[in-house]
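Undergrad: Chain by chain, the residues:
There are 4 protein chains.
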Amino acid sequence: MKIIGHLINGTLVSESSTSGNSRVQEVTNPSTNQVTAKVSLAAKATVEEAIAAAEAAFPAWRNLATAKRVRIMYRLRDLLQENAAKICELITLEHGKVLGDAMGELQRGIENIEYVCSTPEMLKGEHSKNVGPSIDSWSEFQPLGVCAGITPFNFPAMVPLWMWPMAIACGNTFVLKPSERTPSSALLIAELGIEAGIPAGVLNVVNGGKEAVDTLLTDKRIQAVSFVGSTPIAEYVYTTGTAHGKRVQAFGGAKNHAIVMPDADLDNAAAALMGAAYGSCGERCMAISVAVAVGNDTADTLIEKLKVQIAELRVGDGMDGRSDMGPLVTPQHLEKVESYIAAGINEGAELAVDGRNHKVSGYEKGNYLGACLFDRVTPEMSIHSGEIFGPVLCIMRVETMQEAMDIIDAHEYGNGTCLFTRDGEAARYFSDNIKVGMVGINVPLPVPVAHHSFGGWKRSLFGDLHAYGPDSVRFYTKRKTITQRWPASGVREGIQFSFPSNQ
Amino acid sequence: MKIIGHLINGTLVSESSTSGNSRVQEVTNPSTNQVTAKVSLAAKATVEEAIAAAEAAFPAWRNLATAKRVRIMYRLRDLLQENAAKICELITLEHGKVLGDAMGELQRGIENIEYVCSTPEMLKGEHSKNVGPSIDSWSEFQPLGVCAGITPFNFPAMVPLWMWPMAIACGNTFVLKPSERTPSSALLIAELGIEAGIPAGVLNVVNGGKEAVDTLLTDKRIQAVSFVGSTPIAEYVYTTGTAHGKRVQAFGGAKNHAIVMPDADLDNAAAALMGAAYGSCGERCMAISVAVAVGNDTADTLIEKLKVQIAELRVGDGMDGRSDMGPLVTPQHLEKVESYIAAGINEGAELAVDGRNHKVSGYEKGNYLGACLFDRVTPEMSIHSGEIFGPVLCIMRVETMQEAMDIIDAHEYGNGTCLFTRDGEAARYFSDNIKVGMVGINVPLPVPVAHHSFGGWKRSLFGDLHAYGPDSVRFYTKRKTITQRWPASGVREGIQFSFPSNQ
Amino acid sequence: MKIIGHLINGTLVSESSTSGNSRVQEVTNPSTNQVTAKVSLAAKATVEEAIAAAEAAFPAWRNLATAKRVRIMYRLRDLLQENAAKICELITLEHGKVLGDAMGELQRGIENIEYVCSTPEMLKGEHSKNVGPSIDSWSEFQPLGVCAGITPFNFPAMVPLWMWPMAIACGNTFVLKPSERTPSSALLIAELGIEAGIPAGVLNVVNGGKEAVDTLLTDKRIQAVSFVGSTPIAEYVYTTGTAHGKRVQAFGGAKNHAIVMPDADLDNAAAALMGAAYGSCGERCMAISVAVAVGNDTADTLIEKLKVQIAELRVGDGMDGRSDMGPLVTPQHLEKVESYIAAGINEGAELAVDGRNHKVSGYEKGNYLGACLFDRVTPEMSIHSGEIFGPVLCIMRVETMQEAMDIIDAHEYGNGTCLFTRDGEAARYFSDNIKVGMVGINVPLPVPVAHHSFGGWKRSLFGDLHAYGPDSVRFYTKRKTITQRWPASGVREGIQFSFPSNQ
Amino acid sequence: MKIIGHLINGTLVSESSTSGNSRVQEVTNPSTNQVTAKVSLAAKATVEEAIAAAEAAFPAWRNLATAKRVRIMYRLRDLLQENAAKICELITLEHGKVLGDAMGELQRGIENIEYVCSTPEMLKGEHSKNVGPSIDSWSEFQPLGVCAGITPFNFPAMVPLWMWPMAIACGNTFVLKPSERTPSSALLIAELGIEAGIPAGVLNVVNGGKEAVDTLLTDKRIQAVSFVGSTPIAEYVYTTGTAHGKRVQAFGGAKNHAIVMPDADLDNAAAALMGAAYGSCGERCMAISVAVAVGNDTADTLIEKLKVQIAELRVGDGMDGRSDMGPLVTPQHLEKVESYIAAGINEGAELAVDGRNHKVSGYEKGNYLGACLFDRVTPEMSIHSGEIFGPVLCIMRVETMQEAMDIIDAHEYGNGTCLFTRDGEAARYFSDNIKVGMVGINVPLPVPVAHHSFGGWKRSLFGDLHAYGPDSVRFYTKRKTITQRWPASGVREGIQFSFPSNQ
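Protein chains in written order, with full-length UniProt numbering: chain E, 1 to 503; chain Z, 1 to 503; chain W, 1 to 503; chain P, 1 to 503.
Simulated from the structure, these hints should not be mistaken for lab results. We put the CB at the ideal spot given by N, CA and C, even for glycine. Wrong hints could be hidden among the right ones.
To be verified - Listed below are several chain P residues computed to face chain Z (Cβ distance under 7 Å; list not exhaustive):
1) T66
2) E126
3) H127
4) K129
5) G132
Unchecked claim - DSS-like cross-link-like pairs, simulated, lysine-lysine; straight-line CA separation at most 25 Å:
6) P:K210 / P:K336
7) W:K210 / W:K2
8) P:K435 / W:K220
9) Z:K68 / E:K435
10) Z:K307 / Z:K359
11) W:K38 / W:K86
12) E:K210 / E:K44
13) P:K458 / W:K220
14) W:K68 / P:K435
15) E:K2 / E:K365
16) P:K38 / P:K210
17) E:K2 / E:K44
18) Z:K458 / Z:K435
19) P:K68 / E:K86
20) E:K210 / E:K336
21) W:K220 / W:K210
22) P:K359 / P:K307
23) W:K68 / Z:K86
24) Z:K210 / Z:K336
25) P:K68 / W:K435
26) E:K435 / Z:K220
27) W:K435 / P:K220
28) E:K220 / Z:K458
29) E:K435 / E:K458
30) Z:K44 / Z:K210
31) E:K458 / Z:K220
32) E:K38 / E:K210
33) P:K2 / P:K365
34) E:K68 / P:K86
35) P:K458 / P:K435
For reference, chain E alone in the conformation it holds in the complex (with noise of 0.2 Å):
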């Protein structure tokens, strides 16, 4: 059996190699649930080992020239590249979802790394000649230190690329925890990250559960975390690294609706809301759960369009390259979805395709669930109000656009949502007063580009400042502001009690 370890200080090394403990824990195929290997969790000596060698190794990073750190990264994209095929089939190995699905993944993983070639650019501190008599003063943007990275299950490969590489550029080392469930692809990518050349102990890769995550929050010389996973796991993140002098963004659940306007193209509509509701089974925190339709005539159409591709949707293993739809995660996740399933029809909902009891030829023990689809839901029901994170796709009937937002703005997060129209008047209003952060136009799925930031409100993030892109240069380095005069030589002040001002 396979033991998946940790990579500290450039090397990669077993838990008992280091602790002495053994604990590990299965790592499983949500299509068998076959066990494929076992994954060492780290004792807090582990982590606090990476972290010592992250310490080590800063000095020396953050001193090499920002191009020269980032020139890393060009050799770590074409590694990636190369290693596209091994990667992707890690993480249908062990998440579930189908092989295009994790390649579009990886993809956005390696389009961030892209945006980190930017840095040297993106660190440009301000300067500003003359604030005062041969006076001149700049800020840079500094490299905080040691940072750390947390990050889920569902997207294995590309949460972490959001993160480290970014911070790195900047000047930091790192200590990144994947998901316990789906660590391979991530600890296979920091390994081709050594191989482009990053030094040892700039980046360190620890895996383990709890332990491993509170160590990262107290320890002292963390300086940041970087975390994604559900909401209470972000406050609890948020709260404990912010308490102990960190700084925390911390991204959690998401509930996102779209809107369907009855002058949307509903054949584009339908097919948008297909991908985005039941697209890597509804694993993402950025999955469309709702439909919110405006007028009973959009409704109706949209349910028999949708009905129509249901049927043709092809569910199966991940790694057949015919499927559409994989398994869920684990049983227990498979369970807890069904619960919600069982709990809509009691709240009153009409389950209009029901999914459930869905037997995959071969794969008979995998956590499969086929497409739900329910109509007339209401904003109390808890198919609404909580987040199912399965292929349910929830429609709500609305009379007017307004009622619509109104919904989406009561409902605890606000990660993502999206308005199907043609009309641009419409578009402009909802954009600009959804209380939401991603907000797609005829976008189903409006995850920011590489080169935009990554976000939502309300109880979807803890923090000020986004993933990926330019908030996260901001995010990995802190503020230095230098004032700087040069004294004429034999030039002689008077004392100045007062504060200093430009007057």
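For this one, chain E is given, so just place chains Z, W and P on it according to the hints.
TA: Then chains Z, W and P, alone, in the frame of chain E:
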């Protein structure tokens, strides 16, 4: 006896009129300890009334053209200049600092308003064409909603002007709670803001103590809090505010060292240190309270020059134009500073100049303390580890610049620091490596100009973003990213189950 | 008879006092054609005197702290508001436009000054740490030296305010040559600038004609020229100025089309076209002089609505608050516009509304022309190819939006254009593809706001950078890049014969 | 004999195949003066064919997602690294510079490509919400169309890489005309570009002479021209191109001075000057050709150290890894440099080291000249006023830094300059005031890194914007500003005849 009340929804109100209680606290003149007024201490209900007014004013205010919001700032700037004498008198009477210093403070506040006039430029979002086929994407920086500011006694006019002008220019509404020791100037300035055209409810001022603070930190409608004060309170504000879902920046204490190199112009350095150490009686978070001399000759010469200048220092009533330095703010604070001096002597430092028992004729009951100078201070002494916030300058003696830098980097705080030298390399090495947020080269008080941002490192600042300048625009706004596609009529698209990337 | 002279080195001078000659030109009221003043026409020597004053003032001015230079703009802004009525009266008396329009013009000028208040932010250079071992590099944007502006009759107050406030805020000094037809408002504004605190020599005004222009274009001390006028002169200014080593931006003529789509709100569109076509008698480089209707129904309805509104249009003296439209600037210009109308009829266009022979009671000698509306205009007609600069709106009829866009793209000019529609896709396609610099969607006069920049494409602009806003900062400064290394004493380096790179 | 042809529309063509003529020019090895190939000289028709290909490719290329255009650059970067040895060999064989220097040149070119990878970030436009009621405005930076580059013999690989990668990344298409003396490396790099994925027609290369240049300067389809060469040709290119409606940046000659202060580390300074004066035989527009020593002691010591190092300088064939310096490019150029030396002697300068009649064994017919050192050069001598472009370093002796700066500022050129000192104030005064575009402090060749921009002042650059880095993005794009309003249905507006402002 004058009662200093609150400014809520555009109207001056006293506490009793709003909550029925009549809790007040005395405001005194530090030069005489006579009571000059009583300040209302807002009850929770009063603060909530201000928050409600701010919340009600938000929707219309955010939709106003940015240029129109900013235009009010031009008018306010004029009004501040016209009323400068009156404002500065209020500062001096309540805080004790000399009038010229009050004018320096106010001028800095006006410079912050001038920067706020750049808001139409600073609020520009990032716009990307063709992020995909017929897809554009842009990021907007939208206001947060109701923001709050909690400000300290030592810069009663300037620090509020760091906060609310930018906050409201960005489209937010605001509740300010000034220091209850020095409330009058902030209130007058807010009234001038109303006169300048700020609509009712957009800017509110509540005076008060811990009850008011806690209401601001916990009320759900408050989206962000800016705080300036001591480190323990800053930490409390940060952890409490963030635990209640708010964005917080909390600025705390400081211990600012100057390094004096052997090649420095020592006349210059001595003159600069006089102002930086004793200006405003040392009650500034950017005061230089430690001078680290490199080499004993440097130390000896520096002390000799300082002694001459201290002998000429005029300590007296702040309203007297001949005074260089006024009284400390309260008898309690005088007592605390004197206990630090006693501890310094006990711990073995040499009190080279003893400013205790300084009497000012006609102001015998004032909180006066003359300039004090300690020699041979060592890192572990309490006069080095603590923030004295009084007219006490400590001289430390080291052999090398590196040794001096190590002392600074080992200190709890990292607000400001300064190097006196003529050497380009020393300046570059120092500014690059020192772990302090604001660095001066031959500039003793490196408070960044208004178009840069203010912020310390380590335990001098809790939060990601600095005060005023560019960082404050980011602090008072949240990023929203829109991805927009205008589909050609008649174009039908296939369903995409894979994660969308720029492949 | 009043003689309008020059402002040189801070003093008002008449031509005779400086060069001994006494060349003057009459200034007339377009509403009566009575002579209101005589304007001095500067000889070469007079212009050189102004240049010399500007050159002498440059070194001290460039070294002043940027914030101090900018502070004068706040004072000037106040003075412009206080003197608005007086300035606008001068505009109307010399140009003819109605007072409300003059106020609109002045307000835009004031908004340009407001943008200039952002200069401390806009002048920030780019600062890069660690571009090599202990090597930093930064780019500064330094002023050019003496700059010149040559401005047209139609916006006598606004266009000068596009130029010199930003130029001098960036640290340059300036010589302005206003239109000799409408010289008084620019001169008064410059005097207010001196009153606001602009030091002698920093801003100079010379009135004059071709001799003055040619002196500015060829004198070696002039570093940059901004020009607004007709395309032939703009081209002359550009080629002459650049051949003499100057940086030049020269804004020329325009022919601005609006496309009216069938889905547009035609009441809105008609109302918008009325102001955009006939406001200021069409004497605006952003006037809409062609409306391209998509579909004959659209054209018919639009014309019907326009006829109703034209019938209500009040043409009269600009000083009369009831007037919507005043006279043309000169009899010669009236004659030229009328010859265009005659040509249009000859070429086969239908004159749907004939504004010729419009008489205003009490102003029978004024250069009055009522609103004219041509239907069925085709691309090759002279009323389409030429810039009429009068109250003549041409309607063209096409079948598709693409056809309308092709007409626009084939035109010599590319200043402004506008689309009336409700459709998001039409708006995006139009703004993306149309070969015009300033585009309005449901905005008939898309003059960019002051924090953006003004500039046409094709033969509407000669030069790389647009007027006012961010581009003007770049135009009035030159980049200087410093690469700095502070060598450690005692370090010796080998000789490097190869080209240094970041390898 | 190899014929070097053109790359048009994705295909290598020879001249005869396109225009029927067969004009060629010999390409020689400067180390032997043997003919290595013949280069086709494009006739007008051939150039027009390339322009036509570029024009045809433009519409599809501009509409491609920016990230996709940029992605090709990553591939090209890899290909350049893989083919580096081959490219550098071509550089050395045609230009003569030593292989290590060729590698430095290529590496700089690769760094320019790395900067181009920042294009998605750099192309972001400025987006403003609420510039009026429901009105938004944004500025886009759109590509120009077909752009051209004309590049010099001395950096045959690097200078083309300053131009076309950024131009095409911004969405333009391109025609490059390399130097006919050193055509091979640019052509090979362009072929690698095609291999990397640049579509046919997007990048074209034509070899040629004046006919090709003039075609590019006058053809209406060319929108912009970037040129690097001598000042007379640069001026011709600028005036001709701008007169034909093109945007032009034309980089010309240089005379770069280093000032050596008495406090400088003279060993460092001498070593730095050796490389900066004699590297690439002085055939660099950033070569230091004058060292101005402040004080006779400084001069004497400096000369002494330089003599020692010159004695150790290895002059020989560029392909020989032991060579520090190769031959000059042509016999004609050698002759011209020697005539400068003779003039220097005649005018009274002291030839402290005479490199004439330097023979390299086995390469007796090569254009070899040893390092020459002149002492006591004065400003009016032709070796000071002219650009020698050979291995000739002139020492000037002055008493003060100001005197040295006056010499520099009086010179016709203002490309690069450098100061050797340890003093912070001297560095600041020099970099602030010197009238030169690229400034080094203890950096002898202050060529800006790729994320800054390259450009001289005075007659070293004709045009507003510098090469590569941020300025090149602005050069290769034009600003388009859109103002957009989405009117609420049913809202009717009054007609506005006044100029719209933000009142």
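Undergrad: None of the hints should be skipped; say for each whether it holds.
TA: Here is how each hint holds up against the structure:
1. T66: holds, 6 Å
2. E126: holds, 5 Å
3. H127: holds, 4 Å
4. K129: Since the shortest Cβ distance to chain Z is 6 Å, the answer is holds.
5. G132: holds, 5 Å
6. P:K210 / P:K336: holds, 22 Å
7. W:K210 / W:K2: Distance of about 22 Å is within 25 Å: holds.
8. P:K435 / W:K220: Satisfied, since the Cα-Cα distance of roughly 16 Å is no more than 25 Å.
9. Z:K68 / E:K435: holds, 24 Å
10. Z:K307 / Z:K359: holds, 19 Å
11. W:K38 / W:K86: holds, 19 Å
12. E:K210 / E:K44: The given pair, whose Cα atoms are some 10 Å apart, holds under the 25 Å limit.
13. P:K458 / W:K220: holds, 11 Å
14. W:K68 / P:K435: holds, 24 Å
15. E:K2 / E:K365: holds, 22 Å
16. P:K38 / P:K210: Holds - the C-alpha atoms of K210 (chain P) and K38 (chain P) are around 17 Å apart, at most 25 Å.
17. E:K2 / E:K44: Distance of about 23 Å is within 25 Å: holds.
18. Z:K458 / Z:K435: This hinted pair holds, its Cα atoms lying about 8 Å apart.
19. P:K68 / E:K86: holds, 24 Å
20. E:K210 / E:K336: With a Cα-Cα distance of about 22 Å, the restraint between K210 (chain E) and K336 (chain E) holds, given a limit of 25 Å.
21. W:K220 / W:K210: holds, 18 Å
22. P:K359 / P:K307: Answer holds: K359 (chain P) to K307 (chain P) is near 19 Å, not above 25 Å.
23. W:K68 / Z:K86: OK: K68 (chain W) and K86 (chain Z) at ~24 Å, within 25 Å.
24. Z:K210 / Z:K336: holds, 22 Å
25. P:K68 / W:K435: holds, 24 Å
26. E:K435 / Z:K220: holds, 16 Å
27. W:K435 / P:K220: holds, 16 Å
28. E:K220 / Z:K458: Given pair K220 (chain E), K458 (chain Z) holds - Cα atoms ~11 Å apart, limit 25 Å.
29. E:K435 / E:K458: holds, 8 Å
30. Z:K44 / Z:K210: Since the Cα atoms of K44 (chain Z) and K210 (chain Z) sit roughly 10 Å apart, the hinted pair holds (cutoff 25 Å).
31. E:K458 / Z:K220: Satisfied, since the Cα-Cα distance of roughly 11 Å is no more than 25 Å.
32. E:K38 / E:K210: Holds. K38 (chain E) to K210 (chain E) sits at ~17 Å (cutoff 25 Å).
33. P:K2 / P:K365: Holds: K2 (chain P) and K365 (chain P) sit about 22 Å apart, inside 25 Å.
34. E:K68 / P:K86: This hinted pair holds, its Cα atoms lying about 24 Å apart.
35. P:K458 / P:K435: holds, 8 Å
Consistency with the previously given hints is maintained throughout, with no hint failing.
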